[in-house]
Each structure stands twice: as C-alpha cells, then as structure tokens.
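If you're matching them up, the sequences are chains Y and L in order.
Going by our numbering, the first residue of the first sequence is number 1, and it counts up by one from there.
Going by our numbering, the first residue of the second sequence is number 1, and it counts up by one from there.
Please keep in mind that the hints were generated in silico from the structure rather than gathered at the bench.
Warning: the hint list may mix true and false statements.
You can't tell identical chains apart in this list, so a pair holds if it fits in one copy or across any two.
Here are the simulated SDA-like cross-link-like pairs (lysine to any residue), alpha carbons at most 25 Å apart as the crow flies [unchecked claim]:
(1) LYS296 / GLN164
(2) LYS296 / VAL220
(3) LYS90 / SER316
(4) LYS120 / LEU212
(5) LYS213 / GLY249
(6) LYS94 / GLY287
(7) LYS296 / ARG137
(8) LYS223 / GLU108
(9) LYS89 / VAL218
(10) LYS216 / ARG313
(11) LYS296 / LEU24
(12) LYS223 / GLY71
(13) LYS222 / GLU167
(14) LYS90 / GLY35
(15) LYS89 / GLU315
(16) LYS94 / GLY35
(17) LYS90 / PRO193
(18) LYS90 / ARG292
(19) LYS120 / LEU24
(20) LYS296 / VAL20
Everything numeric in this text was worked out from a predicted model, so none of it was measured.
2 protein chains.
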Amino acid sequence: MSLTVREIKAARDRIAPYIVRTPLLRMNNLDQFLGCEVYVKAECMQTTGSFKLRGAMNRILSLSEEELQRGIVAASSGNHGKAVAYACKKLGTKATIILPNTVAEIKENTIRQWGAEIVKCEVSERLEVAEKLCQERNAVLVPPFNDEAIMAGQGTAGLEIMEQCPELDTVIVPASGGGLIGGVATAIKSLSPGTAVFGAEPAALPRYSASLKAGKPVLVEKKSTVADALVSQIPGSVCFPYVAAHTDGFADVDEEYILRGMKLLLTEGKLLCEPSSGISIGAVLQGLIPVRQTDKVCFFISGGSVSLEQLHRLESI
Amino acid sequence: MSLTVREIKAARDRIAPYIVRTPLLRMNNLDQFLGCEVYVKAECMQTTGSFKLRGAMNRILSLSEEELQRGIVAASSGNHGKAVAYACKKLGTKATIILPNTVAEIKENTIRQWGAEIVKCEVSERLEVAEKLCQERNAVLVPPFNDEAIMAGQGTAGLEIMEQCPELDTVIVPASGGGLIGGVATAIKSLSPGTAVFGAEPAALPRYSASLKAGKPVLVEKKSTVADALVSQIPGSVCFPYVAAHTDGFADVDEEYILRGMKLLLTEGKLLCEPSSGISIGAVLQGLIPVRQTDKVCFFISGGSVSLEQLHRLESI
Chain Y
1 MSLTVREIKA ARDRIAPYIV RTPLLRMNNL DQFLGCEVYV KAECMQTTGS FKLRGAMNRI
61 LSLSEEELQR GIVAASSGNH GKAVAYACKK LGTKATIILP NTVAEIKENT IRQWGAEIVK
121 CEVSERLEVA EKLCQERNAV LVPPFNDEAI MAGQGTAGLE IMEQCPELDT VIVPASGGGL
181 IGGVATAIKS LSPGTAVFGA EPAALPRYSA SLKAGKPVLV EKKSTVADAL VSQIPGSVCF
241 PYVAAHTDGF ADVDEEYILR GMKLLLTEGK LLCEPSSGIS IGAVLQGLIP VRQTDKVCFF
301 ISGGSVSLEQ LHRLESI
Chain L
1 MSLTVREIKA ARDRIAPYIV RTPLLRMNNL DQFLGCEVYV KAECMQTTGS FKLRGAMNRI
61 LSLSEEELQR GIVAASSGNH GKAVAYACKK LGTKATIILP NTVAEIKENT IRQWGAEIVK
121 CEVSERLEVA EKLCQERNAV LVPPFNDEAI MAGQGTAGLE IMEQCPELDT VIVPASGGGL
181 IGGVATAIKS LSPGTAVFGA EPAALPRYSA SLKAGKPVLV EKKSTVADAL VSQIPGSVCF
241 PYVAAHTDGF ADVDEEYILR GMKLLLTEGK LLCEPSSGIS IGAVLQGLIP VRQTDKVCFF
301 ISGGSVSLEQ LHRLESI
C-alpha cells in the first residue's frame, strides 16, 4: 500500500490540462426525497462522460515516450475504453479497446469516433484477450482499476470534493473493482478523517460486502445488473486493501433502487446519469446508509453514458 | 421606466431566504457543438423548477400584510403558477391559479400538491378570468411578467450570472412576455455594458422581433409551439421598453431547433430542461446568433418542467 494523498496530488497536477474540474452541485430540490443536505459530484460532466479519464490519463502520462509509442490496449465495459481512446487520440498514439459483447451501443460508437480499434469478446475473457493482444503487438496494457496509478487518478476527484465542500459528513461512491472508491477514499480520509465514505454496489454482485466480511477478495457469482459499469465479480487485489482501510461500509443496492436513484436525479435534480451512478442515490432511497436531516451528503455521480431509449424503463419505476 | 439595478439588488436581498443561487455551469462538452465556450445558468435547479419563483416571491414579499392575507390569484401557463403556489404556501396565504386547458399534467399536479386551488380556461381568456376572480374574492393579482416587481425579481438571475462569470461575452435568454429578459438585460447592461444580451423566441410566435421592428408592442397570430412556456402573443407593455433598450437582438427559432437544443443539453451536457429552455441553445444551433470559438456564451436555462414521456419525441430529432 504505497498510494498516499501525495501521489494523488501529483496525479492532479499531471492530468490538470486534460480534465475538467467538475462541479459539486448543491441540490436543494433532492433534500426532501433523501432526508439530508444533498450534494452531487457531477463526473457525468467530465470529458468523455465519466471519471475514468482521470485514472487513464494519469496512467498513460506516467509512461515513457517509448512505451507510449508502442500503443495502448485496454479492456473495458465502456467508460474506461472511452477514456483510453480519448487519451490516446490526445497524446498521439494508437488505442485498441477490448469490449464485452454486452456493451451499450452509445459507448461503442463514441470509442470508434475517437479512432480506436475495437475487439469484442465475452466479459469474463476480456482480461485474457487484452493480455494476449499486448504480447502479440508489444503494446502497453492500461488496466481499468487494479493499479495504483489508476487509483491515484481517480482519487483526484476526492481531492476536488473536499476542496469544494470541506464540511461534508458523508460521501457515497459507486463501486465495482474498487479503483474509484479506493482512490477517492484515500484522498478523503487523508484530508478529512471525520468524513464517512461508503461504497454502493449492486446487490446482484456484492463483491465488496462479501470480501470485507472474509477479509480478502472473494469471487461472487456472475449475475446481470442494470448497472452495466459495475460488473466486476471480485475486488481488484491492488484496490482491496485501500478500500478496506479507508471506507466505512458498503450498501448492496437492489436493481429497482438503482433505477429509482437514476430517475430521482433526472426528474427532480435535472441531471442525467447512467444507472451505475444512480446507485449512490439508490443506496439512501433503500435505507441502506444512515443519513440525518442536517448531514451534508455527497453522492458521487460517476458517469452519464446512457441513451434516450434507455430512459423508457424509468417510466414504470 | 423606473426599474434599475438598484431595485434588482433590493429584490435580491428580499428573496434571498427563499430562492437558490443556481450554478453557472461551464459545459466544456458542448463547446464543439456550439462553436464557443459554453456556460449555462441552471435555473432548472431553482426551487419550484424555474426562475419564476424569483419574480413571484419578490412581488408577493412587496405586498402589505393586509394584502397578503386577502389571498393571491395568478394566471399562468405553468411555471408561474407553481412559483405563486409555492410562495403562498411558504408565506401562509391562499393561492388560486388559473391554468390554460393545454397545461402539461406534470405542472398542474405540482401546483395541486402545494395546496393551491386550480381554475382552468382557454389560454386567451386567462387574464380576464383572473381579474374577474380577484374582484369576486377581493384577492390580489400577481401577474406573470408585465410588472416591474416581477421583472426586478427575474433580474436577480442576471446579477448572479455576472457575479459568477464577469467576463461573459454573450447571454442568450428565452423570451415570451419579456419579464425574464427585461429584468436580466437591465441587470447585465448595468454591470457589464459590453456583454451582449440576445432573446430567443419561437419562430411560430415572433412577438419581439415584430414589435422591435415596429417600435411598439405588436400582437402576432396565435400558433402552437413545443415551447409551452413561451406562448405570449404580444410583449408586455411594461416589459417592452426595457427589452428594447437593453437587448442586442432576437432569434426566432424553429420548432426543430428548439427540440435539438433541448436534446443536446440532455445527451451531451447531461442537464434536463423543458423545451422552452432548449430554445437558447437552439438559437445558436440554427445559426441565428453569431458566436466565436473564444466567446464565453451563457445559455439561460429557464426551467426543467418536463415529464419522461415528453422525452420520446427527442429520439427522432
């Protein structure tokens, strides 16, 4: 565990020219629905549409010029792929992105627009396919989460949150492999040890709840979820110790509440997020994370990759 | 013309406990689509969902205690009615809201929730019906726009915009009767004479373009528009001189571009607005307002009263 707030601050300086300092929005209109003072970190407004650019950019900017020119390979359920494709276009190198067959069309199209090559496979095979391609092409693999440079990049969002509202009581972060919450929690606990950091993961894939209970990364059964960016079956081995050390608990959120969170943010907050981001609001709607009327609570809105057609299902929730 | 920035600043102090200082969002992700540096004033995040609360609250807080207790009547295509109903509930008096038969259901339901009585009529008769009700009940009419206290309240959004980004080159504001743009333009030109202020109105109801050409308020033919909050057929007589004095031009925006503006804000900006707010972005998409790559342009997003079902029509645009 060598990642500290020092590396996260270095990452911030490194990626600053390429990323947006996204707003932390005070959303008064959501207070009555969530029972607290609501803030949202709007990473759906980040360049490429999600926080993933922070980590990918930090990792790629840490490569040598020689490594960079060998080209980049990434395996991704979508947003990481977009981020790597964009970063490679900006930095003038070739990207090859491995996507699961189930990827949302809107994400795939964007990746294609940025000039990356796309290779599709089963979600369970994506890491193997990526490693094989790297060997064949002598390219550099940029992992989606299980890497300290990636975590340092994601952690820059945590630095911003605490600068934008130092008196936050609670921050709730969507979790999959743990790159985002590992980095964000490391930053927040360093700057403000009294701020609680909770993770929110799909109840269908409770990899962190199970792993924290076991004290080590545990593989959970493969199941589908509407939160299509939160599909890891096991915590990242690099991420897990940071998450275990710096978080205050996890909420395992039901599918219905994930969508309800997304719907509330859109209809009352007027902000569009992907289902995987609605999960942080869903966690409180489902009563899984304790909040009080006077608590300042930040909901981390990780991304906005969703099509208009996907909004239909919110109508019947 | 006695409204100046002094009255607008007084309004700001008066309404401050009741309204939200909404964010001015820098939306980098829209720059490539609009050809300028994009900012949006997010009044869709205002309490009651639109800027209308500013004017209504200022007008009602300017009443004597005796007037307040006689009860309030308002005629409105929706957002003004919501604002008056909310203000009356907050201040402990009765509201009666006159709605056009065509009002969106989502707006009507909200008004009912806040305990107001609702009376429906044809859109063309709404002012007469309101005046008759006031006489019968000895109540106070709060007009939607044609009033200096209303304009002063709406103008507070202009003060905020210039405080939030003093170096704006251009501000584009949706227009109907002229209460919003009259107040906002008065504030902006007082603080920053070099900032251009443009109005955006439906091409189907070009009441300001026609009136500015004629040098006086002109009644235009009644036509329908997707911008259901911008249905006035004639500028307000009180508003018109302020708009004529303090604006730099008007864009008459086609229905298709109104919806395209709304769609762009949602899909790329991740912010949900009503069609009447998409018009300011639509004006630039249609090429009706000149902007340069380095211009800082603020799009005034006036409200967010729209149902999920109404988003279907964006899919085919």
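**Asked** Between the shortest in-copy and the shortest cross-copy C-alpha distance, which are at most 25 Å for LYS89 and GLU315: within, between, both, or neither?
**Response** neither (38 Å within a copy, 29 Å between copies)
**Request:** With 25 Å as the alpha-carbon cut-off, assign the pair LYS296 and GLN164 to within, between, both or neither.
**Result:** Answer is both: 12 Å inside a copy and 23 Å across each meet the 25 Å cutoff.
**Prompt:** For the identical chains here, do LYS296 and LEU24 meet the 25 Å Cα criterion within one copy, between copies, both, or neither?
**Reply:** both (12 Å within a copy, 21 Å between copies)
**Prompt:** Are the CA atoms of LYS94 and GLY35 at most 25 Å apart within a copy, between copies, both, or neither?
**Reply:** For LYS94 and GLY35, the Cα distance exceeds 25 Å both inside one copy (48 Å) and across copies (28 Å).
**Prompt:** With identical chains treated as interchangeable, where does the CA-CA distance between LYS296 and ARG137 reach 25 Å or less: within a copy, between copies, both, or neither?
**Reply:** neither (49 Å within a copy, 44 Å between copies)
**Asked** Quick one: LYS90 to PRO193, C-alpha cut-off 25 Å, is that within a copy, between copies, both, or neither?
**Response** neither (37 Å within a copy, 39 Å between copies)
**Intra- versus inter-subunit Cα pairing at 25 Å for LYS90 with GLY35** = Cα proximity of LYS90 and GLY35: across copies only (19 Å, versus 43 Å in one copy).
**Item:** LYS222 and GLU167: within-copy, between-copy, both or neither at 25 Å Cα
**Value:** The answer is neither: 39 Å in one copy and 53 Å across copies each exceed 25 Å.
**Request:** Pop the pair LYS296 and VAL20 into one bin, within, between, both or neither, using alpha-carbon distances up to 25 Å.
**Result:** both (24 Å within a copy, 16 Å between copies)
**Request:** Can you give me the call for LYS94 and GLY287, within, between, both or neither, at a CA distance of at most 25 Å?
**Result:** Classified as neither: same-chain Cα gap 46 Å, cross-chain 36 Å, threshold 25 Å.
**Message:** Reference check for the pair LYS90 and ARG292, CA-CA at most 25 Å: within, between, both, or neither?
**Reply:** Between copies only: 23 Å across chains, 44 Å inside a chain, cut-off 25 Å.
**Message:** Reference check for the pair LYS223 and GLU108, CA-CA at most 25 Å: within, between, both, or neither?
**Reply:** within (22 Å within a copy, 42 Å between copies)
Violated hints for the displayed structure, listed by number in ascending order: 2, 3, 4, 6, 7, 9, 10, 12, 13, 15, 16, 17, 19.
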